[in-house]
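2 protein chains.
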Amino acid sequence: MENSILIKNITLDDKVTDILIKGDTIEKISERIDLVANKVIEGKNKTLIPGFVNMHTHAAMTLMRGIGEDMLLMDWLYKKIWPTEKKLNDEMVYWGTKLACLEMLKTGTTCFNDQYWSLSHAVKAASEMGLRSVQPFVILDLFDKERWNKIKEDCQKAYEESAGWNKINRFAIGLHSPYSVSEEMLVWGAEFAKANGLLVHIHISETKGENEDSIAKHGLTPTKYLDKLGVLGANTIAAHCLWIDDEDMEILAKRDVKVVHNINSNLKIASGYKFRYNEFRDAGVTVTLGTDGCASSNNLDMIETMKTTALLQKGWRGDPTAMPLDELMNLTTRNGGIALGLNTGVIKEGALADLTIIDTDSYAFTPNISFYANLIYSANSSCVDTVICNGKVLMEKRFVQGEHEILDNVNRLYKKLL
Amino acid sequence: MENSILIKNITLDDKVTDILIKGDTIEKISERIDLVANKVIEGKNKTLIPGFVNMHTHAAMTLMRGIGEDMLLMDWLYKKIWPTEKKLNDEMVYWGTKLACLEMLKTGTTCFNDQYWSLSHAVKAASEMGLRSVQPFVILDLFDKERWNKIKEDCQKAYEESAGWNKINRFAIGLHSPYSVSEEMLVWGAEFAKANGLLVHIHISETKGENEDSIAKHGLTPTKYLDKLGVLGANTIAAHCLWIDDEDMEILAKRDVKVVHNINSNLKIASGYKFRYNEFRDAGVTVTLGTDGCASSNNLDMIETMKTTALLQKGWRGDPTAMPLDELMNLTTRNGGIALGLNTGVIKEGALADLTIIDTDSYAFTPNISFYANLIYSANSSCVDTVICNGKVLMEKRFVQGEHEILDNVNRLYKKLL
Chain A
1340 MENSILIKNI TLDDKVTDIL IKGDTIEKIS ERIDLVANKV IEGKNKTLIP
1390 GFVNMHTHAA MTLMRGIGED MLLMDWLYKK IWPTEKKLND EMVYWGTKLA
1440 CLEMLKTGTT CFNDQYWSLS HAVKAASEMG LRSVQPFVIL DLFDKERWNK
1490 IKEDCQKAYE ESAGWNKINR FAIGLHSPYS VSEEMLVWGA EFAKANGLLV
1540 HIHISETKGE NEDSIAKHGL TPTKYLDKLG VLGANTIAAH CLWIDDEDME
1590 ILAKRDVKVV HNINSNLKIA SGYKFRYNEF RDAGVTVTLG TDGCASSNNL
1640 DMIETMKTTA LLQKGWRGDP TAMPLDELMN LTTRNGGIAL GLNTGVIKEG
1690 ALADLTIIDT DSYAFTPNIS FYANLIYSAN SSCVDTVICN GKVLMEKRFV
1740 QGEHEILDNV NRLYKKLL
Chain B
1340 MENSILIKNI TLDDKVTDIL IKGDTIEKIS ERIDLVANKV IEGKNKTLIP
1390 GFVNMHTHAA MTLMRGIGED MLLMDWLYKK IWPTEKKLND EMVYWGTKLA
1440 CLEMLKTGTT CFNDQYWSLS HAVKAASEMG LRSVQPFVIL DLFDKERWNK
1490 IKEDCQKAYE ESAGWNKINR FAIGLHSPYS VSEEMLVWGA EFAKANGLLV
1540 HIHISETKGE NEDSIAKHGL TPTKYLDKLG VLGANTIAAH CLWIDDEDME
1590 ILAKRDVKVV HNINSNLKIA SGYKFRYNEF RDAGVTVTLG TDGCASSNNL
1640 DMIETMKTTA LLQKGWRGDP TAMPLDELMN LTTRNGGIAL GLNTGVIKEG
1690 ALADLTIIDT DSYAFTPNIS FYANLIYSAN SSCVDTVICN GKVLMEKRFV
1740 QGEHEILDNV NRLYKKLL
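So the protein sequences, as listed, match chains A and B. Counting in the working numbering, the first sequence runs without a single skipped number right up to 1757 at its last residue. Counting in the working numbering, the second sequence runs without a single skipped number right up to 1757 at its last residue.
Note that these hints are calculated values from the structure, not bench results. Predicted model only: the values in this text are computed from it and were never measured. It cannot be assumed that every hint is accurate.
No copy labels: a pair is met if it fits in one copy or bridges any two.
[As the list claims (entries may be wrong)] With a straight-line Cα cutoff of 27 Å, these simulated DSSO-like cross-link-like pairs (lysine-lysine) come out: (1) K1687 / K1755; (2) K1613 / K1547; (3) K1736 / K1385; (4) K1426 / K1755; (5) K1731 / K1533; (6) K1383 / K1736; (7) K1506 / K1563; (8) K1385 / K1754; (9) K1533 / K1425; (10) K1556 / K1463; (11) K1567 / K1731.
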């Protein structure tokens, strides 16, 4: 018998309803469903939301959580992160990605857009944990021609191997950034992606210095430079876009580039915070949110990300009506699905069964005048009770299979990185 | 036999230790204590920190959590908060304060500096919940001379009644603000406090408009105006101080005024965010943190408050070394004790036994390279396992006596406010 789950008496958009999941799909949403299912979940005192989509992270960097605190950016990068990354091996990436997946389940995320090393080991970890993910082959040549042939061969090979991946993990191209990848490889990567119908995940204009360097080197901002190379398109997912002028904005809108805002990371390493959300929205750009890796922002919590995002938009604009609750929720759910071309991030019949169940029986949801205000501004992610991805229950009542095995292995391995 | 608690094998400042509590006091801290106690708490995989001190809140405003979201400040105040407050009664304040205390226990706070109405009912609630608090009689005359005599009489009466309070609740004077209280009553309140050795809790320079109005009316900033009146002293606790010039800073330092920064509230209602922490610290001012009431910032979570505080200091200064972890922890613990003149916020023999136990056996503390980085940047307040205040266990393994009675009563009452 096909996998089926019946969720009874759960609150959805302020109404109590039943939901039937069959296979990987939401089959039926109705006030009362009396069908037999393999599994029944009681939804009393609980509210259903779409699973969150974390649109920018480096999952296995959970291993480096707290490794470089309160440091200047260049000290942090040169003295901490890069020396540490040299010691990483496949086993570490495997367990680091598992820890990231565990954390994402605990905080209600069902889908993530990754960018890190040891691709096949990251994919193995994500597959075993059951989360949906986009996993890029990362191109980062540091302008070294000698690496080009090997990168091209490795990328081709990785792409071919990806045919054997669990179907909920999708292969993509990671172009690290215009300041770390040569023109040749930026163009090659973008063309490879286009030829094979793949997404491209790239960092753009994270820091002011990056823009200044780009103008000094190319006479163009990173966005204009990438556009000149023909790299940008509807399949481009651009992380950060924190230092974007009006012309850049127009280009990103025209090319239908998807933008990922990562406020906690931007603040913590002091890259900036005046993300031009209203202008992106009004230009028709699909804006999404991400956490970045745990070396820069320390966790993968999308509820916290929503809160900080909204507080900063209200704060820097001096406008308490900025970033209203309904738009905020869309950034972490519906827009993620749109950006990745997946039928996730929405709760409707026919959509993928990627769902998060929130327990509202607590002080944080009392009084429950506004569920979304409570979720984002009052509660923390410990309100996440149960997580379903691709029609499978991955966490139930906060229990995730194999949790302590993951913690034990990370505790065994991280010391080798110090 | 006197109340005694023995905490075994707990981590304190990266060392495993035992702690003995007798009565309301930390009696002994030693690697191994083999004495008999009324209660033994096993501290394996747990870390001990001082209970947090929330230095500015309006506790019973938990009742208005989520009542006015994404609104312009004046609409929020005139259309939502003030009309709602007119419907408040003593019973509501009692249960609202209980909900606040429940939330504070769940998030590791043992002491709070309150400012709200129905004083005796707030005190009753706090006493029953066992938290330490400072509870002011609030003076807010809106420049109406007709109210003066009654306010003075009521204040005197409330002060006399406070002799009968549980000793962990202290009477204080609340002067709402220089823009809502007449010169006569500001001076009277400050003198009453001085004559009786009481703290004064006041809002200063929360918004830019408040400063502009003060200059228009008095030719002076709020700080300079209050100083001219002789209101400021070492017993003054000044909430916000967000718009402070160099001369104000010098006055606040000279008078030894204690300052409370409330970043989540400041951001959410868009009052500002460039709190001059480094300058206050360098001027020798005792800086503390608060949450403000739940109508403006939605929760009473001091761990989250520390995170947002640090992110904003790093962010607006463009300096990732700003607000390092050790200073940040002091703001919510030691400095709160200093500001309130209480031997709380520190863990040492002879200090008050106001303690919070953190459970580190989770993804958020894995790897545990830096406990404080994990506590503040990775975890959320669900890591708070057990809370002891004044030598009594108020929450154990996240269980608080009477939790559902509080939620049920708030759920019954808040609808009358809508």
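Here is how each hint holds up against the structure:
Taking the closest pair of Cα atoms, K1687 and K1755 never come within 27 Å of each other, the shortest separation being 46 Å inside a single copy and 35 Å across copies. Taking CA atoms no more than 27 Å apart as the test, K1613 paired with K1547 passes in both settings, with 12 Å inside one copy and 20 Å between copies. Both within a single protomer and between protomers do K1736 and K1385 lie at most 27 Å apart by alpha-carbon distance, with minima of 11 Å and 23 Å respectively. When the C-alpha separation of K1426 and K1755 is checked against a cutoff of 27 Å, the pair qualifies only within one copy, where the shortest distance is 8 Å, while the shortest distance between copies is 61 Å.
For the homomeric pair K1731 and K1533, neither the shortest alpha-carbon distance inside one copy (32 Å) nor that between copies (65 Å) is at most 27 Å. Taking CA atoms no more than 27 Å apart as the test, K1383 paired with K1736 passes in both settings, with 13 Å inside one copy and 24 Å between copies. In this assembly of identical chains, K1506 and K1563 lie within 27 Å of each other by CA distance neither inside one copy nor across copies; the values are 35 Å within and 67 Å between. Taking identical chains as interchangeable, the C-alpha atoms of K1385 and K1754 lie at most 27 Å apart only when they sit on different chains, with a minimum of 20 Å there against 40 Å within one chain.
For a Cα distance limit of 27 Å, the shortest separation of K1533 from K1425 qualifies neither inside one copy, at 32 Å, nor across copies, at 63 Å. When the C-alpha separation of K1556 and K1463 is checked against a cutoff of 27 Å, the pair qualifies neither within a copy, at 40 Å, nor between copies, at 68 Å. In this homomeric assembly, K1567 and K1731 never come within 27 Å of each other (Cα to Cα): the closest approach is 44 Å inside a single copy and 68 Å across copies.
Violated hints, in rising order: 1, 5, 7, 9, 10, 11; the structure is consistent with all others.
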